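> Sequences are here, hints too, so could you generate the full structure?
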Amino acid sequence: LSYKLKGIQLIMRQAVYEASKQVSNFLVARQSGKSYTMCCIGTEYCVKNPNVTVVLLFPKKKDAAGVARDHMRKILEDCPPHLKPEYMVADKMFVFPNGSKILMAGTDGGSAESIRGKTVHLILMDEAGFHDYNDFQYIVTSILFPTMTTTDGRIIMASTPSKQIDHPYMTNYVEPMRA
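Just so we're aligned: 464 in our numbering is position 165 of the sequence shown, and the numbers increase by one with no gaps anywhere.
I should point out that these hints are in silico values taken from the structure, not numbers from a laboratory. All figures in this text were calculated on a predicted structure; none of them were measured in a lab. Using N, Cα and C, we set each Cβ at its ideal position, and we do this for glycine too. Among the hints, erroneous ones may be present.
So the derived label-pair ranges between C-beta atoms look like this [to be verified]:
| no. | residue 1 | residue 2 | range |
| --- | --- | --- | --- |
| 1 | Ala389 | Arg329 | 38 to 44 angstroms |
| 2 | Thr470 | His381 | 44 to 50 angstroms |
| 3 | Lys347 | Asp369 | 21 to 27 angstroms |
| 4 | Gly306 | Arg372 | 30 to 36 angstroms |
| 5 | Cys378 | Gln321 | 27 to 33 angstroms |
| 6 | Asp465 | Gly409 | 20 to 26 angstroms |
| 7 | Lys347 | Glu376 | 16 to 22 angstroms |
| 8 | Leu382 | Ile464 | 32 to 38 angstroms |
| 9 | Ser319 | Thr470 | 32 to 38 angstroms |
| 10 | Val388 | Ser319 | 34 to 40 angstroms |
| 11 | Gln321 | Glu376 | 30 to 36 angstroms |
Below is the structure:
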């Protein structure tokens, strides 16, 4: 799906495919197409890999369905019918013909707990610097990482700069990359 991306979006996609670490992160400007790129990466991953689970994770549960669905509509507008996923409204999930799926979830109000116990191959954490300050590290270490223990999965975090310079995303994931 690289033909749907441009500029920084292409750089992000390439970096994801070249990364060898379990966690990759991107700190980018507003309106750079970060959320769209994350949706493209998730779609591409599902099309290429049968029976995998991808989670698109947003700071707010209400954004999970709205933002992702709008981007997915654009991404899938020219998708061949034999590859096109079906959107399951009640489950907030895209299910691909090859058995792969993209789940959309938020982390506010304890909703991240809905991910617990799932087997996940790729987690795309959008606006990582805006997930709840107090819950962020718990969500990453106690909910997200355990979902990938049997899959050798990866987490891709992307965000615009957090309003809180000491947000755990900034201190634990962005700052160490600058050193």
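> Hint by hint, work out which the structure violates, then give me just those numbers in ascending order.
1, 4, 8, 9
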